[in-house]
Structure formats: C-alpha cells, structure tokens
Amino acid sequence: MIFEKPTPIRDGFGKALVELGEKNPQVVVLTADLSEAIRVHWFAEKFPQRFFQMGIAESDMMGTAAGLAIAGKIPFVTTFAAFATSLANTPVRVSVAYNRANVKIATSHGGVCVGGDGATHQSIEDIALMRVLPGMTVVVPCDANEAYKATLAIAEYPGPVYLRLGRIATPIFTRGKTPFRIGKAQILLPGDDLAIIACGAMVGFALEAAQVLRKKGVSVRVINMHTVKPLDRAAVWKAAQECGAIVTMEEHSIIGGLGSAVTEIVSEKYPIPVERVGIRDVFGESGEPNEILEKYGLTTKKLVAACKRALERKESMVRYRSRV
Numbered sequence: 000m001i002f003e004k005p006t007p008i009r010d011g012f013g014k015a016l017v018e019l020g021e022k023n024p025q026v027v028v029l030t031a032d033l034s035e036a037i038r039v040h041w042f043a044e045k046f047p048q049r050f051f052q053m054g055i056a057e058s059d060m061m062g063t064a065a066g067l068a069i070a071g072k073i074p075f076v077t078t079f080a081a082f083a084t085s086l087a088n089t090p091v092r093v094s095v096a097y098n099r100a101n102v103k104i105a106t107s108h109g110g111v112c113v114g115g116d117g118a119t120h121q122s123i124e125d126i127a128l129m130r131v132l133p134g135m136t137v138v139v140p141c142d143a144n145e146a147y148k149a150t151l152a153i154a155e156y157p158g159p160v161y162l163r164l165g166r167i168a169t170p171i172f173t174r175g176k177t178p179f180r181i182g183k184a185q186i187l188l189p190g191d192d193l194a195i196i197a198c199g200a201m202v203g204f205a206l207e208a209a210q211v212l213r214k215k216g217v218s219v220r221v222i223n224m225h226t227v228k229p230l231d232r233a234a235v236w237k238a239a240q241e242c243g244a245i246v247t248m249e250e251h252s253i254i255g256g257l258g259s260a261v262t263e264i265v266s267e268k269y270p271i272p273v274e275r276v277g278i279r280d281v282f283g284e285s286g287e288p289n290e291i292l293e294k295y296g297l298t299t300k301k302l303v304a305a306c307k308r309a310l311e312r313k314e315s316m317v318r319y320r321s322r323v
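Numbering that gives the first Met the number 0 numbers the first residue of the sequence shown as 0 and each following residue consecutively.
For the record, the hints were derived by calculation from the structure and aren't laboratory data. Given the structure is predicted, the values throughout are model-derived calculations rather than measurements. Treat the hints with caution; some may be incorrect.
Calculated cross-link-like contacts (lysine-lysine; reagent style PhoX-like; alpha-carbon spacing at most 25 Å) [unchecked claim]:
1. LYS72 with LYS215
2. LYS300 with LYS313
3. LYS4 with LYS72
4. LYS307 with LYS294
5. LYS268 with LYS215
6. LYS237 with LYS294
7. LYS183 with LYS215
8. LYS215 with LYS301
9. LYS268 with LYS183
10. LYS72 with LYS214
11. LYS215 with LYS14
12. LYS22 with LYS176
13. LYS214 with LYS268
14. LYS313 with LYS237
15. LYS294 with LYS183
16. LYS45 with LYS22
17. LYS176 with LYS301
18. LYS176 with LYS14
19. LYS183 with LYS237
20. LYS215 with LYS4
21. LYS45 with LYS14
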C-alpha cells in the first residue's frame, strides 16, 4: 500500500491492519465504540470473528487485551489517545506494561487537531505518560505511508507498543521505499548548521522551515524521529556534535515529550542549545485545525523563529568558548 496524496495518518494504520489479518490469524482487534474513527471497520468487515466491540469501556478493553496477549494473541487496542492514556491509565500500567504483555495500543486523535471536541478529546500529554512506563515502546508516524509500515513493524515487535496517529489529512513525506525501523531515525534532509528533530505531522513544518532557512544560507538537517522511545540516541548525538544546535517540534506538550527526550540525551554527552516547539503548559480548546495550530505556535513561522534563536545561542556559545 502506497499513499501519494494527503491522507489521514490513521488510514495507513487501517489498511495495514487488514494485511496483518490476512497474514496472521493471531492478530485481533478491540475498539471502544470508535471503529470508523480509527479505521478498524475495514478489519471488522473482513474478520468479524477477530474483532471485538468493547463499548465505551476503555479500562475493561485494556484488561481484556492483556489477557488475549497472555493467551498468545496479538491484540491491537484502538481508541482516542486521550482515552487510552487517561481513562485507561491504570490497566495500561498494571495489566499491560507491568506484565510486558504483547499489546499494541493504537490511538487516533493524538494532539490538538481534533476539531470541535476540544480539550477533553485533545491529548497533549499521552507521549509523556506512555514514555515513562518501563518497557513501553512509543511510535509516532509522520504520514499514512509511515503509519502503514509502523503497523506492520509493531506487530512483529515484542512487548507493549503505543502507536500515536493523527486525525486530519497529512501530506505524504515518505515513499514506499523509505526504510522504517523501530528505534532508527530518518534523515530527511542533510545539513550541518542546525538540526530540526520532529515527529508526527510536525515533520511537514520541519521540512518547510528548512527550505526557508536554506534560502538564507543556513544548512538544516531534518530528522524524522518516528520512535520517541527507544529514542535513536546515536542520531541525536551525531546531530548535536555536527550541527551544534537542535530544535524539536511536536504536537504535544513540551513537558515529557519528544523535546524532553532529546534534551535528556543531549545533556548526557553534548550540551548544546536546544529549542523546543510544542504545546506550552496549557490545555487545548475547540477550533479548526489551522486555528488551533496557529494559536499554540505550531507553524512554520514559529519554528523558523525558534531555529533563529537556537542559532543565536550557538553563536553566543562559540564566542564565549573562544574567550575562555
């Protein structure tokens, strides 16, 4: 399956799930009354005996999935990101993560672009909540093609996985031949003046910002960090060493998400300037996606401004070191 036009990231997940169902009879799907919203209705139509409609009972669904995994199945649990990580947090922590159950938690509506549903349905803390759980892998695809590949990959990956999918149509940044490996970042653009590390739909803004800066003579490396945990430490360290400044961008709180993960790694070995672009310490609100992204500073313009700040800090650090 190859997508070429702007497509909701969740569509790649839904198509891959059907392919998995055809290849592996152990794959089962559970949902909390959201089959069409998360694109698992395609699986349900083809494999009704392996599809479980659990109703609005997210906690029960997680416990059931853990039991199915222990029995040898490969359960994909599907709901909105806010519900999987908040309403069902205890069974995710105790039944799934603590037992290292082979459960794949696939969520849609990650981030703020959920339309009129507002703050109750906008998940800006889910990556942080999942990243902190021991043994939990966290994957955030940037487009439908990557979501397709990621879904196939996590089915083969042992242990619990959190797959975060967006709601709105996203341009296609990766191709059929673009490699995907859990824990291995992708260098979408080379550069050595500054590195932008992004995940999910924010990768598009990273590429746009890089083009703006390149016209000003700035060589920008763009890294698609589709796996937030385990983070590609080598890619981060290499960017820090070779570029000397990093900017992160995510449709998530800057507390505990990709930006936090990158700064943690950078501080261990190459303490350089890092600017984080994401949701500040606030809840979301209702609105059209473009309005919401503009309000919370998730735009190419704001990213370019953050890159300029990072470059200024880098230059200041160089001047300081030259005087020491």
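Hint check results:
For the hint pairing LYS72 with LYS215, the CA-to-CA distance comes to about 53 Å; that exceeds 25 Å, so the pair is violated. Restraint check: the Cα-Cα separation between LYS300 and LYS313 comes to about 20 Å, which is no more than 25 Å; the hinted pair holds. With a CA separation close to 34 Å, the supplied pair LYS4 and LYS72 exceeds the 25 Å bound. As the CA atoms of LYS307 and LYS294 are separated by approximately 20 Å, the hinted pair is consistent with the 25 Å bound.
About 30 Å separates the Cα atoms of LYS268 and LYS215, which puts this hinted pair outside 25 Å; it is violated. Taken as a hint, the LYS237 and LYS294 pair is broken in the structure, with Cα atoms around 33 Å apart against an allowance of 25 Å. Distance check on the hinted pair: LYS183 and LYS215 sit about 30 Å apart at the alpha-carbon level, beyond 25 Å; violated. Distance restraint check for LYS215 and LYS301: the Cα-Cα separation of roughly 16 Å lies within the 25 Å cut-off, and the hinted pair is therefore satisfied.
Under the criterion of a C-alpha separation no larger than 25 Å, the hint pairing LYS268 with LYS183 is consistent with the structure, at around 19 Å. For the suggested pair LYS72 and LYS214, the alpha carbons sit about 52 Å apart, so the restraint of at most 25 Å is broken. Of the pairs offered as hints, the one joining LYS215 and LYS14 is violated, with about 41 Å between alpha carbons and a cut-off of 25 Å exceeded. Between the alpha carbons of LYS22 and LYS176 the distance comes to roughly 21 Å, so the proposed pair stays at or under 25 Å and holds.
Our distance criterion of 25 Å between C-alpha atoms is broken by LYS214 and LYS268, whose separation comes to about 31 Å. Between LYS313 and LYS237, the direct Cα distance comes to roughly 16 Å. Compliance with the 25 Å bound is thereby established for this hinted pair. At most 25 Å may separate the alpha-carbon atoms for a hinted pair to count; LYS294 and LYS183 exceed this at roughly 32 Å. Taking the CA atoms of LYS45 and LYS22, the gap is near 13 Å; set against the 25 Å cutoff, the hint holds.
Proximity of LYS176 to LYS301 is assessed by CA-CA distance (about 32 Å); at most 25 Å being required, the pair is judged violated. Our distance criterion of 25 Å between C-alpha atoms is met by LYS176 and LYS14, whose separation comes to about 17 Å. Distance restraint check for LYS183 and LYS237: the Cα-Cα separation of roughly 13 Å lies within the 25 Å cut-off, and the hinted pair is therefore satisfied. Restraint check: the Cα-Cα separation between LYS215 and LYS4 comes to about 30 Å, which exceeds 25 Å; the hinted pair is violated.
Distance restraint check for LYS45 and LYS14: the Cα-Cα separation of roughly 12 Å lies within the 25 Å cut-off, and the hinted pair is therefore satisfied.
In terms of the numbered hints stated before, the structure departs from hints 1, 3, 5, 6, 7, 10, 11, 13, 15, 17 and 20, listed from lowest to highest.
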